[in-house]
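Novice: Next come the chains, spelled out residue by residue.
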Amino acid sequence: MKADPHGVLTGTHFIDGDHACCEGALAAGARFAAGYPITPSTEVVERFASRVPTVGGTFIQMEDELAASIALQGGVWGGAKAFTVTSGPGFSLMMEHIGYAAMTETPCVFVDVQRGGPSTGLPTLPAQADMMQARWGSHGDYEIIALCPNSPQECFDLTIKAFNLAEEFRVPVMFMMDEVVGHMTEKVVIPPADQIEVVPRKHTKKSIEDYLPYGTNGDLVPEMAHAGEGYKFHVTGLTHDERGYPNMTPAVQDKLVKRLQNKVRKAADRVCMFEEDRLEDADVVVISYGITSRVAQRAIDLARERGLKIGKLRLITAWPFPDKKIVDLASHVKAFVVPELNLGQMVREVERAANGEAKTFAVPHAGGGVHNPDEILKAIVEASRC
Amino acid sequence: MSIITSCVVESRSGLRSKLGDQVAKGRVSIVVERCKACGFCVEFCPTHVLALSSAFNSKGYHPPHVVHPEKCSGCDLCGMYCPDFAIYGTKSDAKAIDAAKGGKAAGGEK
Amino acid sequence: MLNVLDETVNPVEPFLRTDRMPHIWCPGCGIGTTVNSFARALIESKIDLESLALVSGIGCTGRVAGYVKLDSFHTTHGRAIPFATGLKLANPKLNVVVYSGDGDLSAIGGNHLIHAARRNIDLKVICVNNLIYAMTGGQTAPTTPGHATTSTNPYGTFEPSFNLPHLVEAAGAVYVARWTTFHVRQLARSISEAFAKKGFSFIEVISPCPTLYQRRNKMGDGLDTMKYYKEKSKIKNGAPTSDVGLTLNGEIAVGKFVDRDRPDYQSMMRWQYQEALGERYIEEPEMECVCG
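Residue numbers (the numbering used here), protein chains in the order written: chain A, 1 to 386; chain B, 1001 to 1110; chain C, 2001 to 2292.
Wrong hints could be hidden among the right ones.
Where chain A lies over chain C, by a calculated footprint (3+ residues, C-beta under 8 Å) [what the hints assert, rightly or not]:
1) 2087–2097
2) 2196–2209
3) 2274–2283
Derived from the structure by calculation, the hints contain no laboratory data. We put the beta carbon where it would ideally sit given N, CA and C, even for glycine.
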């Protein structure tokens, strides 16, 4: 389906990642956002607040992130595509409702423009230390999808992708920006609306009598209805059966939670996106994401100038983690080098997936700035010698 | 909807008492299996039509039963008070009242 | 329930998910009684059930959402009001009711309660106040009057309790009433009045919790409590809300305390955007996304 032209600001722009993300949301069809100010994410909703009254939608600044993270879900069940934006401390507050979205299968997008932590940390400086939290932050077993843009252009393009994945899988999608990508200003090209693919809501076509809110036709993702259409359905965060009724037994729990997990995991091949370069004959592969991938690119180029065979794998989808790709690479490379703006998060996933078939070298950074390419180069050289 | 279920109305008062002199303007229907014997209906019926019976439902509660059917006005206060949706009153139509007055009771208490 | 003998139907029956009866509420609990009044109000007000949504939080009263045959949302603890706000903003044609308990709405949900009242979001809030956290076993709530015994104040509470009508009036609610589960007809009428009003309406219903609050405080069972409500309630329509606080065994002031008019959130929003943007403002946005 093509994008609604009302929300598409076609043209060539010179804007930062936060602003590009807002335009991506509008292009994807988002017409409702509930937010709460937090540096460095606030500009996303500030722009949304100024754009949306003339595009046709509503923004409300709620009293806290707890309210914002569930108001947007009320908006979804009322019929809109909706999202919120935040950073670390707000992301922590939103965790219960991310779990609620996963449990009730509410399609929506949570944007986290990561900053230094823990706690209040470094409000205006970057980090990538919420990556594990994006996956495991709420209690219980559930599955989300997380995307990592590395430029304002990707903040536009991948936000549309985030909404599309949310609708396709009926999951909350975590859009993991970082403060540098959010606040860097670059050229962003927004194409005409008819060149933008948008996934519509998976709305039921069943009659009121036949509709089962959480029944699936074998494809693991149930069809949705909206409030006010006469379906008179029930949605609850309690463990529920296909009617949506609370049914708190081990059997129903097993069936429900495994389906929530499988609907994303079984589609991992389709969902996982990455950028790769010269992996075929690589000795060492540098795995990175977000702003770190741009610094890593410089380090990779320097290493190649020295004649080292270095491959690049940039994670665009961080969750589900591309296990298969790592397993495949581990069978023919010596080592992985994983620079991140944290003290070791995604590197654990690489190590797990590599399962000893290749060595893993972390290049941690406590946050507050980006790596110096030499730090990453040093690790690459060390990895090449192992 | 199946009409023979464990939640079927099993008890409905007639329009005449056993003594047959007064004809009620309403009748009570009781869903025995939903009752938890809280006693609200018995207490707040303005004409004291009900009392808790000595029978048990399958959960072990004593549901109410009608002791003065002729006094029921069909006001449905029992229905409004019942937290378990287990009882309600309805006003009888003129035909049924006439029939009852004519000596033909429209049904006795079960 | 359909009376197979003469086809009469309990007026509340069409509003219930009968496949889930009997419900889990205790003998003598008043929540079910409030649902009867709610159903009567819906009938009286001729509310279109297809455009009615009911949102609840967590707790015994929160379970109402699962028992009514409506578009119903059982959300997280304390957050029914912001969820309801999102629902209403995305689809202004919906009539949105928030049906939740005193702990859910005034403790964890307190912040959302006061902001929604401040904003005058068009929501009808029915707060069943059993003066305790019932579902979790009888802990102190902000509404527990002193010096009651609860599981977290085993030696008696000593905190002042919230006067909810006063709180929501101060925050900006346009309709504030309190009844008890004894006042079934007045409660139904208040709910109908709230439906006829635009803006933030708050109706508090004092209800027994015989299993926990009444039992631990040796106040008898549900029926004893209903008799207490009958005896000790005083109808004081229009009373200043500062005067209607509750005490352990004292008088319960009931009635309609506040009924005033001020523009609701969406009216104010539209006016503001109209002023600022004129023709560029899209006043009736098509918020419903394209479905496939």
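Novice: What hint numbers does the structure not satisfy?
Specialist: 2
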